[in-house]
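S.K.: Residue numbers (the numbering used here), protein chains in the order written: chain A, 1 to 652; chain B, 653 to 976; chain C, 977 to 1127.
Calculated directly from the structure, the hints in this document are not laboratory data. For each residue, glycine too, the CB sits at the ideal point set by N, CA and C.
Derived CB-CB ranges, DEER-like:
1) C/1093 x A/465: 50 to 56 angstroms
2) A/135 x B/965: 49 to 55 angstroms
3) B/803 x A/135: 39 to 45 angstroms
4) C/1076 x A/650: 24 to 30 angstroms
5) A/232 x B/940: 39 to 45 angstroms
6) B/929 x A/565: 28 to 34 angstroms
7) B/775 x C/1076: 25 to 31 angstroms
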Amino acid sequence: MPTPRIGVFVCHCGLNIERTVDTRAVAEALSRHPAVAHVADYDYMCSDPGQGLIREAIDAHRLTGVVVAACSPAMHEPTFRRAAEEAGLNPYLVEMANIREHCSWVHHDRAEATRKAIVITRTLVEKVKRNHPLEPVEIDHVDQCLVIGGGITGIQAALDVAESGFQVILVEKGPSLGGHMAQLSETFPTLDCSQCILTPKMVEAARHPNIRVMTYSEVVGVSGYVGNYVAKIRKNPTYVDPDKCNLCGECAVVCPQSVKSEFDRGLVERKAIYIPFQQAIPSSYTLDEDACLGIRPLRCSECAKVCEPGAIDFDMRPEIVEEEVAAIIVATGYELYSPTRLGEYGGGEIADVIDGLQFERILSASGPTGGAIRRPSDGRTPKRVVFVQCAGSRDPENHNAHCSRVCCMYTAKHALLYRHAVPDGEAVIFYIDIRAGGKGYEEFIQHATEDERILYLRGKAARVYRDGDRLVVWGVDTLSGRRIEIDADLVVLATSIEPHPSTAALAKALKIGCGSEGFLKEAHPKLRPVESLTAGIFVAGAGQGPKDIPDAVAQGSGAAAKAISLLARETLTHSPEVVTIDESVCGGCGVCVAMCPYSALSRNGAGVAECNEVLCEGCGTCVSACPTGAAQLRNMTDAQVRGMIEVALADV
Amino acid sequence: MPKAKLGIYWAAACGGCDCSILEINEQILDVAAGAEILLWPCAADAKYEDLRNYRNGEIDIVLFNGAIRTEENREIAELIRAKAKYLVAYGSCAHTGGVIGLANLSERDRIFETVYGPRERWPRTESSLDGCVLRLPAFRTQLTPLSEAVDVDFTVPGCPPPREIVRELLTAVLSGDLPPRGTVFASSKNLCEECPRERTHERIGRILRPHEAEPDPEKCLLDQGFVCMGPATRGGCGAVCPAANMPCTGCAGPTADVPDQGAAMLNTLASLVGAGEEGETTMADEDAVLMQIEDIIGTFYRFGAATSILGRRYRERANPTDLD
Amino acid sequence: MSDRTDRFEPKIVAFLCRWCSYAGADLAGVSRLSYPPNVIPIRVNCSGRVTAGIVLRALERGADGVLIGGCHPGDCHYVSGNYKARRRIALLRRALEESGIDPRRVRLEWISASEGMKFQRTIAAFTDEIRTVGRSPVPETTAEVGADAEG
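Here chain A stands alone, though its shape is the one from the complex (with noise of 0.2 angstroms):
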């Protein structure tokens, strides 16, 4: 390296530095150091005449280097780095030293800050004087997104992307859009009925220019970084093409086969050939292959033969389409905790225990019972129905820890709407805590308590179970001291809400990561909620924690905000300050590789350790495990740190 020629610039703060610190003294002491060509102080560095002080003794003095001695490089750090690109010299020769924050500040012995403050401002000349300038990492990237989950969240997210001028493909793994929120009855705590408010977002998602809807479809495998991903899509097969079928839904009468819906929770069953719900986006029966009676060969044939259009092709094979994609937006949602999981309230046995989204089908005017309240074992309407919050979460020691956040309002909303349907009905809730944090909630809540036939009990229900013909919830008052027992026509459980089944294995194929819950885990929980910590990987919706529909919704709209920025770019840049591996001195061993969190290490065709600029955030943590020195983090190398650190104790 050249020798090294640093301006080091003492700031005054005005007397936040001076009053404690003597600048003078500091721009003297720095004067004589062997690498510094030039030294000021000033009263305001970072005014515009402070940062020409910098720009013309750039020029003036030939330096290699700047030292700004002054307040916290968190403040600063970009003006001064700016103000020297300004002159001609590289940013990443540009250091601050922190005399303000961490001294003048925070100490009142003018001698003792001012020498404390010597010794940091040389610490930062030492460091300054082994950077080497750095240019940005610039990366080329594709016009595409992909959104992964068809529910409410990537719904909203696909559209804001396509409205933004940018390609999306909507990826569900269903045979319809529309997600949890098209089984559900009415909406909180607006009472809007959730397929009216729904259906035309799926219709528009479905006719938007810029969407590409692949439904009955699975991403299952995904490789490269962000701005250049490939995500490798199956596209499973239907059996019936789209476009022809008119949804006569003659197949579904004749077809012999019948299978527990999915879309009506197993309440009641439907063919092998059916439709979700007939406004199913895309509009079109599906064949269950798994259902069916046989395809390869072929055993039946009853739907062809009653389809008019001649929609049903069983030539359809699975086809794996891959695509280039910048940025990707994984909605993938939730799914309950299984009845089965909670033996306290019957295991899944008793077959009128069911869970919310089960009552929300029965509540439906498209569900099973029209609408009517009729429960599942005899169709009998309910005189008295029980509500147990908490089923299943806030539970450490025997199931889910965490809260799922919106089954104090859906079971609020399901006791008014069963009232309004059953006026001569009563509604009984166990509950824990009531929590009703969003807009209009507490004021849908006290609704509900003040109806004089729902009585809301605080205490957990201990156990749900038969007593020969009588269905009793055994649980506790604890208001009252009481246990209580009661005989209940119908129990509704607010289950647990968890990530859906198929969120860890995609989250291990984007090498993102997933919490203690298995939620998707967001780079930050408070700063960065709808971004992963893979640069271009996004999460929102229930599938990141379990949320109501306003926060999905807006969850969704952050991701496809976070998407827009990224392919609105012409390129992206990174941060340089990264790992370096010196090949000449790394033997392979692999220990980098098990320390990044961001998988940027890998080992090469070479057997030696390798960084992916793009992916590496510089944190440092494989260059301190790496036991040979071959790691080293640009502009703050062992060298460096070692240098600073004799520095630091050297006498003044």
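Got chain A; can you put chains B and C on it based on the hints?
M.R.: Positioned in the frame of chain A, the structure of chains B and C alone reads:
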């Protein structure tokens, strides 16, 4: 071509390095033919007076094995430095202080007490009987590698240096075709590069000492929980210990950019335990695994104690508020 | 001149992670909290950048104490760097103990960006503790390489 003037000296040593020179088998005949051995106390009688009488730089190359333990070691190291054109730190003891560097963990008085018993029986630097004076070299308070005493031109690591390396060195010596000063006769990479075992980076669930389990001969020893120093050790020895189903003990010292081999390996091992699956609940398990390493200094500093501040015994002050 | 010259003033180096503890130190400054001036901060991106070797180098060069500041477990900006730092420092402290160096000389503290007061308390407490533990025996012992007159 004139014969190479060769010297081989042992300081605080076990004799293994001198034997290692014979490991070159029939090449020893080339050495006998092509070199004039001016000094080799292990194999031939010579007096220090002879050594002093050589001109400065007269000996082409001296292979110096053993560490600096006594004043004699130091004195002769300086003398040899003057008389040799090239000085080679040969073997682990000369290079890093070697296994005997672990003596630095004990104070000299404690060593003498253990070896000799009561103070009256301790060897004295000067004693006399019947008008005759016997002088013994002083036992220095710390053992050091050769490079602490004099400038070293080449280094041959290993305990002892492996056969192929010794061959390479002696071929260079005999031909006069020596590499640049400062060259280390070993790989610049760590042992993992030449180790044939399969690395899967499984979670290290326990730490094992070699006698505690039968290692799987195909899989990486570190993956299996044995403390193999390979990642923090220079290769070039052909990974003979892992090939013999024993973990590497680090005798060749660290790669060039690592000042403290033991710290590097300690760091690497701590990094690996639990890596990739950490959470707030895993810390107790990770600690339990790390607690299975019993003798940390002995494990990580077996050959490098003399090169690290950890290879010493310290006494914290009794009255810490006294300034002195 | 203060009256501090008549007592031992420890020299301490602190490695502070950019996202949490360095920001916590900034907050202590913004809040005008005060603490002793014995600690020289060195900013690293992550506490995971700190190695046993770096800490030993500081002790070798005369540090009486070494402080490492990182994010709370689960909050590391880089996911898991702080977990690695924890294990490394834990093993190093045991090694220090084996050598007779008081392991209290090396402290790892979790300080978030919002914990200005915790930063202040940590610096004050650590400086006090090192004052109690005393001057590091490392420089003196490592200088003791020469022979002794009496064999």
